[in-house]
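Engineer: Which chain is which? The protein sequence lines are A and B, in order.
Numbering follows our numbering, with no gaps: position 37 of the first sequence is 53.
Numbering follows our numbering, with no gaps: position 274 of the second sequence is 398.
It is worth saying that the hints were derived from the structure and are not from the lab.
Glycine residues also receive a C-beta, built at the ideal position from the N, C-alpha and C atoms.
Some hints could be false.
Cβ-Cβ distance ranges computed for the label pairs, FRET-style [as the list claims (entries may be wrong)]: (1) B/R321 - A/M326: 26 to 34 angstroms; (2) A/N218 - B/K300: 30 to 38 angstroms; (3) A/L307 - B/R211: 25 to 33 angstroms; (4) A/P294 - B/V204: 27 to 35 angstroms; (5) B/I247 - A/G160: 29 to 37 angstroms; (6) B/F130 - A/R155: 25 to 33 angstroms.
These are the residues of each chain, in order.
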Amino acid sequence: MKPLIDRPGSRPWLKVVPWIVVLALCVLPLIIRNDFYLDALILIFLWGAYAGAWNILAGYAGMMSLGHSAFFGIGAYTSTLLLLRFGLSPWIGMLAGGLFASTIGLILGVICFRLRSHYFALATLAFGEVGYICAVNFRSLTGGSEGLALPIRPDALLFSFAGKLPYVYIGLFLFLAVIAISYAIEHSRLGYYLTAFRENENAARALGVRTGRVRLIAMVLSSFISAVMGTFYAQYVVFIDPSSVMRIQISVQVALFAIVGGIGTTLGPAIGAMIFVPIAMLLRAEMGTSLPGLHMIIYGVILVLVLLYMPQGIGPKLKEKIPFLRSP
Amino acid sequence: MDPTLFTQLLISGILLGGIYALASIGLTLIFGVMKIVNFAHGEFFMVAMYLTYWVVHYFHIDPYLATLILVPVVFLIGIVTYYLFIRPTLSSSVLAQIFITVGLSTIIQNVVLLFWSADFRSISLGYATDSLVLGPFPALHIEEAMVSPARLIAFGLAILLSLAFYLFLKLSYTGKIIRATSQDRSAALLMGINTDRIYRLTFAIGIVLVGLAGGLVLPVYSVHPFVGFDFVLIMFVVVVLGGMGSVVGAMVSGLIIGVVEVFSSYWIGQENKQVIYFLVFIAILVVRPSGLFGLKEEEELEHIETID
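Please model the complete structure; the sequences and the hints are all you need to start from.
Structural biologist: Below is the structure:
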């Protein structure tokens with residue numbers, strides 16, 4: 017339970033801690049010279065930010081989406097196609113993808129305005145699958161299941177770099193930006209409206225919260241950020257295909273990160289990514305591709321255990337256990 | 125449209141729809157009684173297909189016989205799943221209810237992938253391999269229509285099993301109790317019904333029904349670790365169209381979706397057909413979330429789902 021009023025001065029040094037962490041994150045990539053760890057860092061930032069986007073809709077507004085891969089995919093495909101077809105810089109493509117995805121998100125939000133919980137999950141699941149089918153079948157546009165390879169010619173203006181370091185910092189920036197947005201939402205009127213809507217829609221409405229509107233805002237924000245992360249993924253991996261950016265597994269994975277880390281909290285999705293990304297990377301490094309799907313089994317088992325034994329997620333549990341982290 | 129072609133497509137659609145109906149009854153039953161959507165439903169379909177495949181493979185018995193022999197095994201899987209995953213989350217938040225089965229589905233898919241690889245496996249019936257020929261019916265301007273025996277048998281058994289289950293639900297005392305619990309859990313509890321027992325039974329029956337459907341289609345479709353996902357998406361469409369919780373609705377809309385699928389794959393191509401029924405799906409969810417045979421008023425529908 018968070019105290020309603022911040023008592024300034026109780027433990028003022030705690031205010032400094034987040035900045036120290038941010039500073040450490042900025043310096044860390046310079047110390048790590050190993051590509052494997054840098055790769056891990058980039059993926060943590062990528063998934064942390066993406067899970068944060070999912071959390072805005074699912075955590076704060078309580079609308080559990082199972083189709084967030086579609087927004088990620090829209091971002092990846094929009095910027096990539098604009099680059100390949102028109103030579104447009106992915107920096108602009110990133111914005112275009114975000115706007116396109118949030119328009120689709122807005123339409124989906126309007127269409128599904130009556131649906132709650134299970135029904136919303138089902139509708140978004142179908143929506144995500146429609147995205148996948150479109151990506152596979154509109155071969156002339158998307159290249160179908162063979163995917164699209166991006167040109168590799170390092171140029172900062174074209175969002176393409178030779179080393180991993182620039183990607184680390186772009187990832188870090190996006191990661192911190194999503195955390196900041198989540199923090200801002202949580203501590204703003206919008207956040208309270210969303211929580212009110214999530215907890216009891218009728219009561220919120222009775223108190224004058226325009227539930228329809230705040231829900232759409234969450235939808236738009238969430239889909240925009242997801243698409244931006246899709247572009248980042250495409251530029252980093254330089255190859256996209258329907259199964260790597262549009263598949264249902266991606267929607268499940270992003271939800272899983274946020275839930276295990278702590279749904280509806282500012283840092284939960286980031287914590288989830290920090291837990292899961294290294295698991296997948298270590299398994300891949302140790303076993304190669306000899307045991308396909310092993311990391312997904314572990315992901316699934318952790319998800320089930322967390323839901324059964326600490327449904328609020330690992331982040332809030334840590335906060336509870338370690339007095340140092342507790343809010344003053 | 126040419127009447128012969130029309131008949132051929134209609135027959136294929138109905139045969140397919142029978143399987144969809146049987147597979148979806150379990151899903152709608154579980155939702156109706158327990159108010160949870162089993163996102164892992166397709167995985168039980170897939171597991172039943174694999175079990176049937178292995179029994180046929182090692183013991184060389186008839187696939188339909190194998191399907192029946194496996195019923196107690198699948199029932200037991202249902203009971204164990206209920207105790208491990210479903211029962212502990214029945215009173216949890218909607219989040220836990222949705223993602224416990226999503227997580228379960230991820231685990232089952234990938235465990236199967238790990239043990240049995242992504243290879244497509246299929247069996248063929250030793251008998252009845254030639255297509256049956258229906259017609260011609262000159263009076264209706266219909267020439268010959270071809271029917272695959274494996275599909276016909278699967279359809280016949282699926283309809284038989286669906287009707288048998290429907291009669292069980294309508295006529296038996298246990299069926300009555302299940303229906304009562306579905307209609308009003310608190311009232312059922314007050315009437316002295318052991319709802320925990322009914323939940324357990326319902327869940328296991330739901331899994332058995334989808335398992336039977338899985339076994340029946342094995343001679344028609346290949347089995348691979350992700351086959352359940354393809355089917356479960358259709359089952360969702362069927363269940364939502366029929367009205368979540370309505371067994372009759374699932375049976376009728378199973379047939380409808382089968383026909384829709386065959387016709388749309390004829391008109392717009394095998395690859396794009398899924399887009400059609402997903403759009404149908406979203407359209408139903410939006411226009412009439414209670415479905416064709418929905419028991420609940422829409423007003424009520426909107427209010428059950430407040431997040432804890």
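Engineer: Confirm or reject each hint.
Structural biologist: Each hint tested on the structure:
1. The beta-carbon spacing between B/R321 and A/M326, approximately 29 angstroms, falls within the hinted interval of 26 to 34 angstroms.
2. Here the CB-CB span from A/N218 to B/K300 is close to 34 angstroms, well matched to the stated 30 to 38 angstroms.
3. The given range of 25 to 33 angstroms is respected by A/L307 and B/R211, whose C-beta atoms sit roughly 31 angstroms from each other.
4. Take A/P294 and B/V204: their Cβ atoms lie about 32 angstroms apart, and the range 27 to 35 angstroms holds.
5. Between B/I247 and A/G160 the beta carbon distance is about 31 angstroms. The supplied range of 29 to 37 angstroms therefore holds.
6. Judged by the Cβ atoms, the range 25 to 33 angstroms given for B/F130 and A/R155 holds: they are separated by roughly 30 angstroms.
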